Amino acid sequence: MTLFHFFNCAILTFGPHAVYYSATPLSEYDTLGTSVKAAVVYLATALVKLVCLATFLQVSETEVFDPYQEALKAMIGFIDVAGLYYALAQLTHRNISQNHKFQAVGLGWAFADSVLHRLAPLWVGARGLEFTWDYVLQGLEANANLVFTISLAALGSLMWLRKNKPKSLIPIIYTCAIIIATMPSITSYLKRVMGWHFPKIVGFEIATSLVMAFISCQLFIFCQRPSL
Amino acid sequence: MVDEKKSKQRHRVMVFESMYPVLALMLILVACVELCDAATVVDVYRLIQYDISGVPFGSRFSSLNHHAASLSFQRGADLSRSVLILPLRELDIGFVQDYISQKQSLGGLLILLPQTFRPGNVGGGGLNSENDGFRKLLAQLEKILVHGNIPFPVYFAFENEETDAMLADVKKNDALGQQATATTGGYKLVISVSEPKKIASPIITNIQGWLPGLRAEGDSNQLPTVAVVASYDTFGAAPALSVGSDSNGSGVVALLEVARLFSVLYSNPKTRGRYNLLFALTSGGPYNYEGTQKWLKSLDQRMRESIDYAICLNSVGSWDSELLIHVSKPPDNAYIKQIFEGFSNVAEDLGFQVALKHKKINISNSRVAWEHEQFSRLRVTAATISELSTPPELLENAGSLSDTRQLVSEYAIIKGVKLVAESLAKHIYGHQGKDIKIFADDSSLAVNPFYVRSWLDLLSQTPRVAPFLSKNEPLIMALKKELEDYTAEVSVQHESLDGSFTFYDSTKASLNIYQVASVTFDLLLLLVLGSYLIVLFSFLVITTRGLDDLISLFRRPPSRKVKMG
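Going line by line, the protein sequences match chains E and B.
Residues in the first sequence are numbered from 91 upward in steps of one, following our numbering.
Residues in the second sequence are numbered from 60 upward in steps of one, following our numbering.
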């Protein structure tokens, strides 16, 4: 049953976003507009990134890890962070609390990322007769990416929207944010240099995302205390 | 508060309604399931499908879309929706015979042949005993398949790593008793071709080359002629693999080499003999030599009457010490005696033997076993030189799957060429009884082994089943050009293969092998994902809104009642 498999992988890839929206108070405060705006900002960011990649990057035939190229890719990856900053700080949102703003922005961002990167391969690949585990792994990766994006959005809102932060925590916040922002480079390093296969990389991503979510959650709660 | 919720609900309903056309479009798109590229694609060759006078033979179907099964299936299992994969190494002829004769239903049959039988595979294997056993088995299998009426598709393929891996997997699953069906996963074999169609009017092409002899000044009589004939087309179980290296690639190569040698002799008027030479490459050999008959009938009667005798070459590539001359006129006929004496003298010089075999023609029987019989029916003296001692049955020994390049020895062909050339030269130049060798080795008229080898290699890679050859087939053009180089006049005759034989197309296809997961697997995955999403939902509700909210989700109706009350 090939359509069945496509349906399974689709709900694995896109289900958690819908579940997150409906389970948390986001649905009660109707923050759909914020998420949509964040998705649009993601699209624009992706376009800018593509143009930069096409201009500055040289395509290599072999899967060789070139440090210079990877550093360039990481720098272009920071355009992502800039886009997130724009979505969080510059766009005017309805009067929603800090807490919900970063969640809505992160959710919209992650959903746009999943749709852009994973819908087309899923549509073309999962409907065929041949069975592979690739699309299930891709769905798990989408889940990890959702957690990453929400953590990054939380740290971002801490960095740019909260003025009174305990001085000791600032470096930790920035370190975590940099780690999350450079995740793509880290995974490509693992894939090419260490030769890890896709399942291992997805496992690593999920573990890291849970750790990062926990850390950023703690940081957020800690930073919230003084304002209380 | 209630109004707000109601308006929100109405808003939601409107959003859903506006999505209906989008949903419909999605459903239509979703319905077109395309088959992606399979992980494995293998070239396969179909069993021949033909009718003799309306009686069907061969495999009657071509498209395939079933699960794979191997010989280790449980007894009594239903194979009507499975493709049975049979490697030649483990073939049990009795099993195949039973299956076909009892007309048991089968989804399809895929026979895996060792790589040594691949046309163009010159190296390795050769004539060891293992391959000999395979050849015998293959010959038996072909006989059953070609002469049976098989109601399912039969395909031949060559073993490679991917098919080996798939077969090992299928055997393992079958041994565990899990037969591959839609609910248990496994491998699916798909060949998507259209239904085979009749070939409307198959054409057979005869190529004839004429080398005129030296006519004395003022002599207006017709010079006598000697003809050398060989049929070049083949017939086998898999028409796309029917290269017929020995039957009759060896005969064609021998004819071309003889033509080349005599063209060298005849190019100089001083050495031109007083005989015309007629070389003919005929088609329609497996079908009672229909091409030869039509060619002879098309010849001018005077030319036909001027033929002293004709030598037909059939399978001269894998003999060792004895070559046979088959005749239909009785051996004590003067002409036959003369021809045989000439040949046996030359053979003695060359170090081997020839033997004469006589087979009477039965006029009432339409079966023509040897090519010379077509000549004899028109009162032309002819003989067939062959390594075969018994006349081949209809549609046998005409280029089977086991007739590959490795079976043929160039040395045997070269000996045959020497025999024919020297005997013809003795007859033409009147050197009977004298000890003269015209085509001696190390002379300018030596038989060229490289020529023999290169043409033999070419023919061993070209399937030549006549109904599937077009008028301007590259091979026919090549043979015509070759004869044009060596003879003065070449004419090509196209005839249609009439009578009882009808052929169907679709001889080659691509097999897609898909590894499919079962429905139970998909259901299980759905269950796992459903529970994952539910757990995620509960977790998120608990952490962000508290446990009370989660419980209140399930207790909403009663609380409303309380409120109303």
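Honestly, the hints are just simulated from the structure, not real lab data.
Worth double-checking, as some hints may not be accurate.
To give an idea of the chain B side of the interface with chain E (calculated C-beta under 10 Å), a few residues [as the list claims (entries may be wrong)]:
(1) V249
(2) V252
(3) S253
(4) I395
(5) L570
(6) I572
(7) Q574
(8) V575
(9) F580
(10) D581
(11) L585
(12) F598
(13) L599
Between beta-carbon pairs, the in silico distance windows are [to be verified]:
(14) V141(E) with H70(B): 36 to 46 Å
(15) D224(E) with F598(B): 52 to 62 Å
(16) V578(B) with P289(E): 38 to 48 Å
Note that this is a predicted model, so its numbers are computed, not measured.
Don't be surprised by glycine CBs; every beta carbon is placed ideally from N, CA and C.
Okay, the hints, checked on the actual structure:
no., hint, in the structure
1, V249, "holds (7 Å)"
2, V252, "violated (17 Å)"
3, S253, "violated (20 Å)"
4, I395, "violated (66 Å)"
5, L570, "violated (13 Å)"
6, I572, "holds (9 Å)"
7, Q574, "holds (6 Å)"
8, V575, "holds (6 Å)"
9, F580, "holds (8 Å)"
10, D581, "holds (4 Å)"
11, L585, "holds (6 Å)"
12, F598, "holds (8 Å)"
13, L599, "holds (4 Å)"
14, V141(E) with H70(B): 36 to 46 Å, "holds (38 Å)"
15, D224(E) with F598(B): 52 to 62 Å, "violated (27 Å)"
16, V578(B) with P289(E): 38 to 48 Å, "violated (24 Å)"
In the structure shown, a violation is registered for the earlier hints numbered 2, 3, 4, 5, 15 and 16, in ascending order.
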